[in-house]
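K.L.:
Sequence:
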Amino acid sequence: MATKIIYFTVNGRPEQAEFPVDCPAQDVKDLFRAAAEAGPHDILKLYNTKGNIINISPQLAPNSPHSCYKLEVVAADCNSELLGSDLAVALGFDLSSMEKRLQSLEKRILTEAAETPAIVYEMKRQDMSEGTHKPSPFYHKRTLRKTREECEHVREKFLQMSSLEVSEEVRQYLKTPTFDNWQWEDAEIMVLLQVMYTDLDFISTFNIELDVLQQFLYEVYRRYNNIPFHNFKHCFCVTQMMYGLIWLTDLRSKIDSVDLLIMLTSAVCHDLDHTGYNNAYQINARTELALRYNDISPLENHHCAVAFEILEKTESNIFRNLSTEQYKRIREGIIKCILATDMTRHTEILNKFKTILPVFDFSNKDHRDVLMMIMIKVSDISNEARPMDVAEPWLDCLLQEFFNQSDMEKLEGLPVTPFMDRDKVTKPSSQTGFIRFVLFPLFIELANLFPCLEQHIIDPVRKALDYYTEMEKALEREKQNRAQSEKMVKPSTSKEPEAHPEPGGTTKPVNL
Numbered sequence: 001m002a003t004k005i006i007y008f009t010v011n012g013r014p015e016q017a018e019f020p021v022d023c024p025a026q027d028v029k030d031l032f033r034a035a036a037e038a039g040p041h042d043i044l045k046l047y048n049t050k051g052n053i054i055n056i057s058p059q060l061a062p063n064s065p066h067s068c069y070k071l072e073v074v075a076a077d078c079n080s081e082l083l084g085s086d087l088a089v090a091l092g093f094d095l096s097s098m099e100k101r102l103q104s105l106e107k108r109i110l111t112e113a114a115e116t117p118a119i120v121y122e123m124k125r126q127d128m129s130e131g132t133h134k135p136s137p138f139y140h141k142r143t144l145r146k147t148r149e150e151c152e153h154v155r156e157k158f159l160q161m162s163s164l165e166v167s168e169e170v171r172q173y174l175k176t177p178t179f180d181n182w183q184w185e186d187a188e189i190m191v192l193l194q195v196m197y198t199d200l201d202f203i204s205t206f207n208i209e210l211d212v213l214q215q216f217l218y219e220v221y222r223r224y225n226n227i228p229f230h231n232f233k234h235c236f237c238v239t240q241m242m243y244g245l246i247w248l249t250d251l252r253s254k255i256d257s258v259d260l261l262i263m264l265t266s267a268v269c270h271d272l273d274h275t276g277y278n279n280a281y282q283i284n285a286r287t288e289l290a291l292r293y294n295d296i297s298p299l300e301n302h303h304c305a306v307a308f309e310i311l312e313k314t315e316s317n318i319f320r321n322l323s324t325e326q327y328k329r330i331r332e333g334i335i336k337c338i339l340a341t342d343m344t345r346h347t348e349i350l351n352k353f354k355t356i357l358p359v360f361d362f363s364n365k366d367h368r369d370v371l372m373m374i375m376i377k378v379s380d381i382s383n384e385a386r387p388m389d390v391a392e393p394w395l396d397c398l399l400q401e402f403f404n405q406s407d408m409e410k411l412e413g414l415p416v417t418p419f420m421d422r423d424k425v426t427k428p429s430s431q432t433g434f435i436r437f438v439l440f441p442l443f444i445e446l447a448n449l450f451p452c453l454e455q456h457i458i459d460p461v462r463k464a465l466d467y468y469t470e471m472e473k474a475l476e477r478e479k480q481n482r483a484q485s486e487k488m489v490k491p492s493t494s495k496e497p498e499a500h501p502e503p504g505g506t507t508k509p510v511n512l
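Heads up, the sequence shown is in the UniProt record's numbering, so the first residue is 1 and it goes up one at a time.
Everything labelled a hint here was simulated from the structure, so no lab data went into it. Where hints are given, some of them may not hold.
To be verified - Here are the simulated EDC-like cross-link-like pairs (lysine to aspartate or glutamate), alpha carbons at most 20 Å apart as the crow flies: (1) K313 - E219; (2) K313 - D295; (3) K157 - D201.
Said to hold, decoys possible - Restraint-style ranges between C-beta atoms, simulated for each label pair: (4) R286 - I203: 52 to 58 Å; (5) E150 - K487: 49 to 55 Å; (6) D421 - V489: 25 to 31 Å; (7) L411 - S67: 47 to 53 Å; (8) K29 - E169: 17 to 23 Å; (9) I54 - N226: 24 to 30 Å; (10) T147 - E309: 16 to 22 Å; (11) P62 - A483: 42 to 48 Å; (12) L411 - N481: 31 to 37 Å; (13) P358 - D421: 37 to 43 Å; (14) V258 - K463: 55 to 61 Å; (15) I356 - W247: 41 to 47 Å; (16) F440 - F362: 21 to 27 Å; (17) S204 - L411: 50 to 56 Å.
We put the beta carbon where it would ideally sit given N, CA and C, even for glycine.
Work out the full structure: start from the sequences and follow the hints.
P.N.:
Written out as structure tokens, the structure is:
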């Protein structure tokens, strides 16, 4: 059996892992977890020689002892670690490490000994199909919702991880636009969202109980659908960019905590229960969502409604300890921010911002309101400000969602959205115009207010434009070469020379 050897270090200690090339992914993760002497719910990350996080999986690229990967526990149960260190002195060994190894082994034994019979899963599937998890009546029937089992699994994992202490290195990384979302699972992402609320001092300032915040984050996760682009990971990316912008611009010293809370929570909730079909589709298909909101920003209005539906529940209302006036201000602010993400209002909002920019005053509420709308708009469409290996997969996801919609529009005889038509749109053509006419004008105006953003969001977008412009040229050259080749092999329509039979039954052309 072919095996793979991976060399890495843990706390400076050299280690090597050997496993079959067809080894299950979970077994590989358990192998690294054991090497790190980590608990079953600690979060591990593996870094390559360039310092980038890479997936711990059977597909890991083999390396040598001279190009070791680095394994770190980036979020750990501090209570266990402290217990181990206290007793280590008295007993002469590391009780924490032993306890973690035993927990891991116990979990494995229990899993192997008590696997859920297949018939149970079949019964659950039947139960689901019979309507115990009915879709919202306001949504298109094709929306793919998370199953109850999927939600409960992630919730359990999140709650187990929620008390972990995230490393300072990751906390700082979380404040940058270069953060790579693809290396984090949903439960880990929920831990990172909790870190954002904690590190902005919202927990203490607004007296948010930790269990209420965790229930809120779980309900948010549950209400994002399994669709290609507008999913929970997109929610996280938008929130993480907003969080990064708050720190990069030192916004904490310029506006109060209530506005910051509005901005972060708006980002978390901005696409709740998205269908994967945009407003144009909702309106043209006359969905119940479009009918309910009279064709006026049906999706954005629905995202707001779902957000406050979550916040109406006492157990998930992170604003429940605020005064009536504070809650009223926050509700008004969140609604303004989420409704601002409707791209049909893009020019209106950008022009308003341009008008006030020369005299911008942070003490002016109207000015702050417009800035908050601009900030969520920038965060919402900020993927191209990220490194290309993070941004490009998001474009693939977006095009998949676009093409799904245009296919449905054709199937149902509805007007086809031009920029979503798979027969007319290419990957680079979808981006070059968007970057030139939407991203740049928006990002540049925000950078005019905060010049420090030039290097963080303008420069990367310039690189993205160059990248897709070159890709577009390459596709055009390939298209021309293909057309030329087809022209050369095309049968001639000129008169062919007559053919006369040769002795033996063959024919020979005779030139006239």
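K.L.:
With the threshold set at 20 Å, check whether the alpha-carbon distance from K313 to D295 stays at or below it.
P.N.:
Between K313 and D295 the Cα gap is close to 28 Å, so the pair fails against 20 Å, i.e. violated.
K.L.:
Holds or violated: are the alpha carbons of K313 and E219 at most 20 Å from each other?
P.N.:
Holds, at about 10 Å.
K.L.:
Assuming the hint says 42 to 48 Å, is it satisfied by the Cβ distance from P62 to A483 or not?
P.N.:
Holds, at about 43 Å.
K.L.:
Can the suggested window of 55 to 61 Å be confirmed for the beta-carbon pair V258 and K463?
P.N.:
Distance hint for V258, K463 is violated at roughly 36 Å.
K.L.:
Could you check the hint for me, namely that D421 and V489 are 25 to 31 Å apart, CB to CB?
P.N.:
holds (29 Å)
K.L.:
Is the gap between the beta carbons of S204 and L411 within 50 to 56 Å?
P.N.:
Roughly 53 Å apart at Cβ, these two residues keep to the hinted range, so it holds.
K.L.:
If I claimed the Cβ atoms of I356 and W247 lie 41 to 47 Å apart, would that claim hold in this structure?
P.N.:
Since I356 and W247 have Cβ atoms about 24 Å apart, the given range 41 to 47 Å is violated.
K.L.:
Is it true that P358 and D421 lie within 37 to 43 Å of each other by Cβ?
P.N.:
holds (41 Å)
K.L.:
Using the C-beta atoms of K29 and E169, is the stated range 17 to 23 Å upheld?
P.N.:
For E169 against K29, whose Cβ atoms are near 21 Å apart, the range 17 to 23 Å holds.
K.L.:
Within 52 to 58 Å or not, the Cβ separation of R286 and I203?
P.N.:
44 Å Cβ-Cβ, so the 52 to 58 Å window is violated.
K.L.:
Given the hint of 47 to 53 Å, is the C-beta distance from L411 to S67 inside that range or not?
P.N.:
Holds: the Cβ-Cβ distance is about 51 Å, inside 47 to 53 Å.
K.L.:
Holds or violated: K157 with D201, Cα cutoff 20 Å?
P.N.:
violated (25 Å)
Going down the numbered hints, you'll see the structure goes against 2, 3, 4, 14, 15, while the others check out.
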